[in-house]
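Protein chains in written order, with this note's numbering: chain E, 1 to 396; chain C, 397 to 524.
Here are the simulated DSSO-like pairs of lysine-lysine, each with C-alpha atoms no more than 30 Å apart in a straight line: (1) E:K215 x E:K199; (2) E:K245 x E:K258; (3) E:K215 x C:K496; (4) E:K259 x E:K379; (5) C:K496 x E:K368; (6) E:K245 x E:K379; (7) E:K215 x E:K368; (8) C:K516 x C:K466; (9) E:K45 x E:K379; (10) E:K294 x E:K257; (11) E:K215 x C:K510; (12) E:K257 x E:K245; (13) E:K368 x E:K336; (14) E:K215 x E:K245; (15) E:K368 x E:K139; (16) E:K215 x C:K516; (17) C:K516 x E:K181; (18) C:K510 x E:K181.
Calculated from the structure, these hints are not laboratory results.
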Amino acid sequence: MSPKAAEKFFRSESRYRMLVENSCDIVFSLDMDGNIAYVSPAWQKILGHEPSEVIGHNFVEFVNPEDIAGIQTMVAAVIRTNSMQEATYRVNHVDGSWRWHTARVNRHRDDDGVQTIFGTAHDATERLHIEELMTQSEKMAMISGMAAGMAHEINNPLGAILQHAQNIERRVSADIPANVKAAAEVGVSLDLVHAYMQKRGIFDFIGHIRTAGIKASGIISNMLQFSRRSDAGAELVDLSAFLDKVLELAGTDYDMKKKYDFHRIELQRLYADNLPPVLLVVAGMEQVLLNIIKNAAQALTGGELPHQPRITVRTQVAEGMAAIEIEDNGSGMDEKTRQRIFEPFFTTKEIGVGTGLGLSVAYEIITKGHHGLIDVRSKLGRGSCFTIKLPLQGRA
Amino acid sequence: MTNSAITVLLVDDDDMIRECVTAYLEDEGFSVYAYATAEQALESIAAISPVVCISDMRLPGMNGEDFIVKAHTLSPVTRYMLHTGMLYSLSDELRFIGMKDDDVMLKPIHNLSKLVENIKHIAVVGRF
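Only chain C is shown next, with the shape it has when bound in the complex:
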């Protein structure tokens, strides 16, 4: 799968993080949609049906965990990743929808090529 075929939806309330991750992923050829809140992302996710969705954990309204559970019902084909500044172990619900420990990336990501690698990996690997 080429990068341009991979649509990525990014949720992070930090403007700078959204900006730098988007810039990097776009340079890599991905199509990126970025949102500052879970609520905004939920409005669009079904229509976009991204291949990969990366969400922050601590968001102003709904948190990342609840967001993914809800987003999964709207866009079940999407693979989900968490990008968080807190040490976090996956909840049973997130494991149930197929997330694995590797899908949690700790902030700050030192080299975004690691994120690209993970995106490409989960975009091609079937999980169910």
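Next comes chain E alone, as it looks inside the complex:
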């Protein structure tokens, strides 16, 4: 290489180095066994590890075990096709959390035949989270339309069942003159007909039809609420006082007292003191919070917990939203359950215990009624945390 060419080479080398080192994305190279030879400073900025904790380690040491197979498939494809490949996987942050990364990698072979895997990776956690929320919201919009239509269609036949049952009861009553007249016309005694029906339990059956109908109508009315889109009746509320009231309400709830021993659960209140008033539909928000607290209490009830059962209610202001977190240290849920938790009729409870409508109604009340967000994270055996974010005045 001539001196001029060498100088040019070093200049371009230093330019590339600068690009790599200033890149927001992580630039990395691996040997063919997956050992990390180089990572750009972005790794430390994004994931927090010192370079010495990374260089020389195998890449898969940082990857979530569930995603390693995906990475191996990608590398195999790179080698087989000799072309750029992409994969999305979870990688460990120094704080112990998992971050979603999307990487694009390719293979390079130098003049001596040494092969290297080169790649860039960027943090996709936020984007994937937003995508999940959007899919969720589309799914819910569709289901909510179906629920409204179904509820309406069922109300008429349900009305007919309930009211005809009532008509049957009344048509054997001697209090209605037309009954007495018709009975006389066919030559039977209304009192005897009544006595017979009583003896054979027919009035009980009719009563059961009505009870069942009323129960079904309760479910339908929940479904209609689920599909209701309204922010009517919103008022500015002091969130701390409101949460105190909801917790007090929860303490007086029959189920809470009898089934979930609510008094033995420690309530931790971590309220932010700089919270501006929040626009709430009070009745709706009460319903949402009671539902979440009830679920939390339930998660703290089944089986013996090794620790003091606790529900933590936290508030804070972040990104122009007021956030309410309700966290329990109960049984938690698996990822499949977590993803479906807001769907109507999805329930993990025994048949008859829950309708599976509570959290779907909560979802609608928060997203449609308050233009807010509701989300849940959970770890099986460790507990769950619901987060509700509500827009603050003037920033919605």
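Place chain C on chain E using the hints.
What follows is chain C alone, placed relative to chain E:
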């Protein structure tokens, strides 16, 4: 006012609902006229001039809201009620002709004695 003095006009496209509500109201002594569509009811309402008219919201042709607005011009002495399976808040027009939130009854009515109570109430209470 005795029940027999109260004429009720009922509009609902669901045969079973018409049948069971009519049966109940007749047992209670009301005179009941029932129609499956708003259009049929409009043909007769002026002649019947019912004390109370109960209409479904979702009807095959004209809906319950438009029906009541039109029926009111034909029979202004009649008091109107809506019987609906959808959550519904009264339009300004219906409020203007004197309807109140209590005049909207949600389906299914669990106990028809509630309907009778409401009919008797609006039949005797002056609204204007």
